[in-house]
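Asker: For chain A, the structure is supplied; the task is to place chain B with the ligands on it using the hints.
Chains as they are written, first to last, in UniProt numbering: chain A, 1 to 407; chain B, 1 to 365.
It is possible that some hints are incorrect.
As the list claims (entries may be wrong) - DMTMM-like, lysine to aspartate or glutamate: derived pairs with alpha carbons at most 25 Å apart:
| id | chain 1 | residue 1 | chain 2 | residue 2 |
| --- | --- | --- | --- | --- |
| 1 | A | Lys198 | B | Glu177 |
| 2 | B | Lys132 | A | Glu271 |
| 3 | B | Lys67 | A | Glu176 |
| 4 | A | Lys198 | B | Glu103 |
| 5 | B | Lys131 | B | Glu177 |
| 6 | A | Lys198 | B | Asp130 |
| 7 | B | Lys76 | A | Asp93 |
| 8 | B | Lys76 | A | Glu176 |
| 9 | B | Lys76 | A | Asp171 |
| 10 | B | Lys131 | A | Glu176 |
| 11 | B | Lys131 | A | Glu271 |
| 12 | B | Lys132 | A | Glu264 |
| 13 | B | Lys132 | B | Glu161 |
| 14 | B | Lys131 | A | Asp317 |
| 15 | A | Lys198 | B | Asp204 |
| 16 | A | Lys236 | A | Glu60 |
| 17 | B | Lys132 | A | Glu176 |
| 18 | B | Lys114 | B | Asp155 |
| 19 | B | Lys76 | B | Glu59 |
| 20 | B | Lys67 | B | Glu177 |
| 21 | B | Lys132 | A | Glu60 |
Please keep in mind that the hints were generated in silico from the structure rather than gathered at the bench.
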Amino acid sequence: MTRGLGGGLFAFSYALLFFLFLFGPLIIMVITAFNSSAFPRVVPWECFTTDWFGVLVRNERLMSGLWTSLAIGVAVVAIAVPFGLAGALALADIGPRLRAGLYAVLITPILIPGVVLGISTIVFWSFVGRGVGASYDTVFYNGFFLTLLGQVAFIASYAMLVLNARLQRFDPTLTEAALDLGATPGQAFRRILLPFMKPALGSAAFITFLASFENYNTTVFTILSGNTFTTALASKVRLGTDPSLSALAVIIIAVTLIGAMVSEAHTRRQELLRSGKAGQSRFYANPLSRLLTHPGAVLVLLLGVTGFIAWSASRVDANVCRAAILQEKQQLQERLMQEQRNRIQQQAPAQPATPSPSNNPSPFGGAFNPNSLAPPVQPAPPAAPPPSNNPSPFGGAFNPNSLAPKQ
Amino acid sequence: MNTRDVVLEHVSIRFGNYRAVENAHLSIRGGEFFSFLGPSGCGKTTLLRCISGFVQPSEGRVLIGGKDMRNVGPNKRPTALIFQNLALFPLLSVAENIAFPLEVRGVGRKERRKRADELLEMIALPGTGDKKVHELSGGQRQRVAIARALAAEPDILLLDEPLSALDLKLRQHMRTELRAIQQRVGLTFIYITHDQGEALTMSDQVAVMNAGVVEQVGDPQTIYNRPKTPFVASFVGETNAIPGAVMNQQGALVTLDTALGPLTGQSAGGRDYQAGERCTLFVRPEQLALADAPPATNAIAARRVNEEFEGSIRTLFLNANGVDLRLYRMNADASGPALAADGTASIWFRPEHATVLPADPSRSG
Ligand SMILES: Nc1ncnc2c1ncn2[C@@H]1O[C@H](COP(=O)(O)OP(=O)(O)O)[C@@H](O)[C@H]1O
Ligand SMILES: [Mg+2]
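Next up, chain A with everything else stripped away, as it sits in the complex (with noise of 0.2 Å):
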């Protein structure tokens, strides 16, 4: 097949463009996370560093939201898990006919765009509390809650589609079997239904607490004037970004490698278990690299290197060579200060240096900027910087004071 696209070379081009495409942005990310240019880059290099991780930590706001989004993320997967398995099993046990309706009628939260969802909430449930004469501190006007059922309302469909389709594999007869040996409908539940959805009840839960946490159309409307991870963090990234958020990137890429691996090993070593073919592999004979095969004993393991890693990381410290970085800093703008003085005093002796806010990091070159819009009346300080200095991309072309006529 790799022949008729043209060979190897062309294959291999083909897959090193693919996974450049899909890890590129991640493996800059990571590494700007560890550099410590104020700037989330990679050139130019400044100095390792693990202070972003520090500055993430302190961020309150983003920290309140992350503790505000992981409550909401637990209590979403205790109500739409269930929520899910009623609807999936409603679906089961309905006539032919009525099923189609019913499914798209469980479906259609998820083709509602979440914006709608969000904006529905909370206009509904104020319309109730208003209804019921609540006042403001009620739950009809806390985030909180408003939150919680604006995920459930789609993400309990979520969770019905992953539980609908292990239920589909699910044989009745086998609780019939059950009630037909004495046992009551909710022993029958618990006993032979239950253990049979357990996998898919484990990834309805992970699904279901990835969607809420991630959520943003919904959330953002329903949480009112409070804060989850992800509004507190869209807000900070409008504010701009600082490597912070990288910091908070390698976290999350992190818990997820981790994650897959303890499940891959855990799978891995279920199937092996199950095909009986564990007994013919040496790692399964000792009982020492057989506890190394569990799950939990991976977990350890891999938290453990995890842990060494950023224990080591933490303990280089950037300051010296910051001071170093800054130092040269410093030096080169002295350097570009004195060109620039000697260049204007050759140009234009007499003529008054212009004020300009160049000091000003500002993209928009100070354009927001209050003062930039009064008339420079006061005679300029003899050592302002000339606007050279303006860091501004558009080399200032937006700066109001290019714009006035040269007196």
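Answerer: Frame of chain A; chain B with the ligands shown alone:
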């Protein structure tokens, strides 16, 4: 009244407009091995599910031990059903499967295990308690299902084609086994099958079903030798059907005018026929015999079409004036009357070995 009796009183079961069971009216005595025999789709499973409580009768009622079972759930009935697919719990071990009825009753773990081991001993599978169900062979699973049902200590064991998934040898072995278990435990067995061999070998009583209707109930000999309807005659065992019209009747013996000449058989259930009525005469292949000299009654001149050797017997496929006939010949009788060299033969049967039934099935009852 015996607690193990089952009575069906005019039971009809409908799914929408579809009539799955029509007016089943019969009683099953406690301790009996009772079979429902019928082709696939005739409503056997539905009837069994009605007895075990998963389906409610649309009309009539089910009595177990004299008690009306309406509004008694499957888990409250003294029945245990062995499902067509066995429905063993795949996530539980063999012992847990067998002890499940005890577990839901709150019997302690030790006691459960002890009872499971006893039952495993009984079904000749000792030491397999810790295996998973999928590690067992088909026949072993079959026996585990029986043990699990027996652990529930039912009065009535219902079996839905339990042997259909097994290969021939195992099936024959399990027939004997089932019958032995039934006689040992003394429960009422209600057994469903589409295999007439199973029904005839194991049962005390057989009910033959066709399209939701119970056509005949009787012991295996009666069902086989004295079918009451054309369906029973042709479904149970091999038979030759010879159509004709009634010429005359003398007591239980009816003579038909057929394409093969006048033939006499026994009227089913001593029924009276009118002259000229369209009827069918049924005679079993083993009741047909080659004749040395042309016999006095029921002589048929036939020509050999084909012949099959089946071990102990040989089947002769014959044709007599357009009617196909089948004749079984014991190979041990090879020295008896034989076919003529040109393949023609004179065959006959005793009138009391043939059954005359009305051709119109609606008039059979
Ligand atoms: N729950 C049901 N709903 C509708 N039709 C059914 C249902 N159960 C069985 N039937 C129909 O009843 C008929 C008899 O089925 P069944 O009792 O399973 O036959 P058997 O066991 O004799 O093969 C079949 O035609 C089947 O399609
Ligand atoms: Mg069936």
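Asker: Are the hints correct? Go through all of them and say.
Answerer: Now for the hints, and whether the structure bears them out:
no. : hint                : in the structure
1   : A:Lys198 / B:Glu177 : violated (38 Å)
2   : B:Lys132 / A:Glu271 : holds (15 Å)
3   : B:Lys67 / A:Glu176  : holds (22 Å)
4   : A:Lys198 / B:Glu103 : holds (21 Å)
5   : B:Lys131 / B:Glu177 : holds (23 Å)
6   : A:Lys198 / B:Asp130 : holds (22 Å)
7   : B:Lys76 / A:Asp93   : holds (22 Å)
8   : B:Lys76 / A:Glu176  : holds (13 Å)
9   : B:Lys76 / A:Asp171  : holds (22 Å)
10  : B:Lys131 / A:Glu176 : holds (23 Å)
11  : B:Lys131 / A:Glu271 : holds (16 Å)
12  : B:Lys132 / A:Glu264 : holds (24 Å)
13  : B:Lys132 / B:Glu161 : holds (23 Å)
14  : B:Lys131 / A:Asp317 : violated (59 Å)
15  : A:Lys198 / B:Asp204 : violated (46 Å)
16  : A:Lys236 / A:Glu60  : holds (12 Å)
17  : B:Lys132 / A:Glu176 : holds (20 Å)
18  : B:Lys114 / B:Asp155 : holds (22 Å)
19  : B:Lys76 / B:Glu59   : holds (21 Å)
20  : B:Lys67 / B:Glu177  : violated (31 Å)
21  : B:Lys132 / A:Glu60  : violated (53 Å)
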